[in-house]
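Protein chains in written order, with numbering that gives the first Met the number 0: chain E, 0 to 238; chain U, 0 to 282.
None of these hints come from the bench; they were simulated from the model. Be careful, since some hints might not be right.
Unchecked claim - Derived coverage of chain E by chain U (criterion: at least 3 residues anywhere in the stretch with Cβ under 8 Å from a Cβ of chain U; other residues may be distant):
id	stretch
1	2 to 15
2	45 to 52
3	115 to 129
4	134 to 148
5	177 to 187
6	206 to 219
7	231 to 237
Backbone N, C-alpha and C define an ideal beta-carbon position, used for all residues, glycine too.
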Amino acid sequence: MRFGKLMLESFRDLLPIILVIAFFQLVVLQQPFPNLDKILIGLVFVVLGLTFFIQGLETGLFPIGEAMAYAFARKGSLSALLAFAFFLGFGTTAAEPALIAVADEAATVAAEGLFIPNTKEAKADYAMELRLVVALSVGAALVLGVFRILKGWPIHYFIISGYLVVVGLTSFANPAFVGIAYDSGGVTTSTITVPLVTALGVGLAHSIKGRNPMIDGFGLIAFASLTPMIFVLCFSMIR
Amino acid sequence: MTELPIRLLETFLMTMRDVAPIVAILFGFQYLVIRKHLPNLKKVLIGFFYVLVGLTLFLVGLEEALFPVGKTMAQQLTAPDFIGVDLSLGKFDWTHFMWVYIFAAAIGFATTVAEPSLIAVSLKAEEISGGALKARGLRIAVAVGVAVGVGLGAYRIVSGTPLPFYIMVGYGIVIVQTFFSSKMIIPLAYDSGGVTTSTVTVPVVAALGLGLASTIPGRNPLLDGFGLIAFASLFPVMSVLGYAMIGEHIARYRAKKVTKKKSKDLHETASSWKRKRRQGGQT
Numbered sequence: 000m001r002f003g004k005l006m007l008e009s010f011r012d013l014l015p016i017i018l019v020i021a022f023f024q025l026v027v028l029q030q031p032f033p034n035l036d037k038i039l040i041g042l043v044f045v046v047l048g049l050t051f052f053i054q055g056l057e058t059g060l061f062p063i064g065e066a067m068a069y070a071f072a073r074k075g076s077l078s079a080l081l082a083f084a085f086f087l088g089f090g091t092t093a094a095e096p097a098l099i100a101v102a103d104e105a106a107t108v109a110a111e112g113l114f115i116p117n118t119k120e121a122k123a124d125y126a127m128e129l130r131l132v133v134a135l136s137v138g139a140a141l142v143l144g145v146f147r148i149l150k151g152w153p154i155h156y157f158i159i160s161g162y163l164v165v166v167g168l169t170s171f172a173n174p175a176f177v178g179i180a181y182d183s184g185g186v187t188t189s190t191i192t193v194p195l196v197t198a199l200g201v202g203l204a205h206s207i208k209g210r211n212p213m214i215d216g217f218g219l220i221a222f223a224s225l226t227p228m229i230f231v232l233c234f235s236m237i238r
Numbered sequence: 000m001t002e003l004p005i006r007l008l009e010t011f012l013m014t015m016r017d018v019a020p021i022v023a024i025l026f027g028f029q030y031l032v033i034r035k036h037l038p039n040l041k042k043v044l045i046g047f048f049y050v051l052v053g054l055t056l057f058l059v060g061l062e063e064a065l066f067p068v069g070k071t072m073a074q075q076l077t078a079p080d081f082i083g084v085d086l087s088l089g090k091f092d093w094t095h096f097m098w099v100y101i102f103a104a105a106i107g108f109a110t111t112v113a114e115p116s117l118i119a120v121s122l123k124a125e126e127i128s129g130g131a132l133k134a135r136g137l138r139i140a141v142a143v144g145v146a147v148g149v150g151l152g153a154y155r156i157v158s159g160t161p162l163p164f165y166i167m168v169g170y171g172i173v174i175v176q177t178f179f180s181s182k183m184i185i186p187l188a189y190d191s192g193g194v195t196t197s198t199v200t201v202p203v204v205a206a207l208g209l210g211l212a213s214t215i216p217g218r219n220p221l222l223d224g225f226g227l228i229a230f231a232s233l234f235p236v237m238s239v240l241g242y243a244m245i246g247e248h249i250a251r252y253r254a255k256k257v258t259k260k261k262s263k264d265l266h267e268t269a270s271s272w273k274r275k276r277r278q279g280g281q282t
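Starting from the given sequences, assemble the full structure and let the hints guide the process.
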């Protein structure tokens, strides 16, 4: 019963994509759909997948994120909590498929601009280093973000200063890398990381007296999408 | 058709590989540092299994149904035949690409509504705000932001104007909005920038950017194709802050209307509303 309701909701979430694609294909481009049967099967998969994901979110990802936040708060060890935040950020980002794609493209840009030798090894090295830099930056972001929750500092000071740093670095950076650096902020936070990190922040804010989950619990993702820009801009200048 | 089960298995293994480091970190810290058994371990494991199955079906479905059509569409809409102008002569202006902007905005909106990580954050926000903030409203606000962002990003690639200029103006607007916004919404609004661009949005939007940059003379796909994702993560911050401001204005306007009708009830209404909000913030 509940599963059926969730599925209906997932279908409603997908309806806009179906409408947009159908409109452009049939009205604007005026072409029939190739392999309509394949598309329909795919859509059934997407609806089922979204439904399972949301079910798993509520039984798996959210509870474990919050349970660990409570456990760390009860344990009272700051270093253990910060180490956890760092590894969670670093570990989930280093293996992020979207980041791997962006890092490879960045290596191609660097090779074309003759910043690095145009060989396979040099490009692979460059891409790997870039991935590590971004993963480090996300780890650092979560450490800073968790520390902010503990202290209850207002988030906007951090984010606005971050913006100013990005703007300042942009004026010194090579224009070839600016686009990649800006995009790297958006690709770091994956579908599994986001719920975990959100639950961690909200759980911490819940378990610490005087913190409001709405004001203090959110914001970790904002840190994780800002620091990669700064780190990648720096990396492009040093490398 | 016969290859579908193989594709499913491959994607399942790939998703497992992506999730493995996360699981290792979670359980490593749980058992080595916290040293306590997880409450409801069985339920959590089932939840993880659901997430794996869900992501697998989701990704395979997208690969089968949406990405091929979406990517071909992005290429066709940016192809010279469709635009109907000989671009090599260099005589074109941005208005020739109207359908591209409309497609960019529409697909940005539609893919964001279906983005799983945004669903996760908005569900949490609704839960924490005690229902004062509606998950669906928040998601639509974010999707409108992405639509404007990707549409404008497409215009930027066509016009060849510098990316940092737009981003700096955007930051300026966000900073000004921040000072006029309620403290409750600011962290969530900042977060919404990062959650919009993942599984569904990035592949289609990236294809659009590359298609545009390779069609238009004088643009280098490697350099000018980037930036759409940056736009898609900046504009939702503005739209969510704006959405909250409009919501507050409507609430205030309604409260005023009540005054006119029954001034007697006003005090009660307002205070109960405030009470609800306060409770919503705390629970």
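Of the numbered hints stated previously, which ones are contradicted by the structure, given in increasing order?
3, 4 and 7
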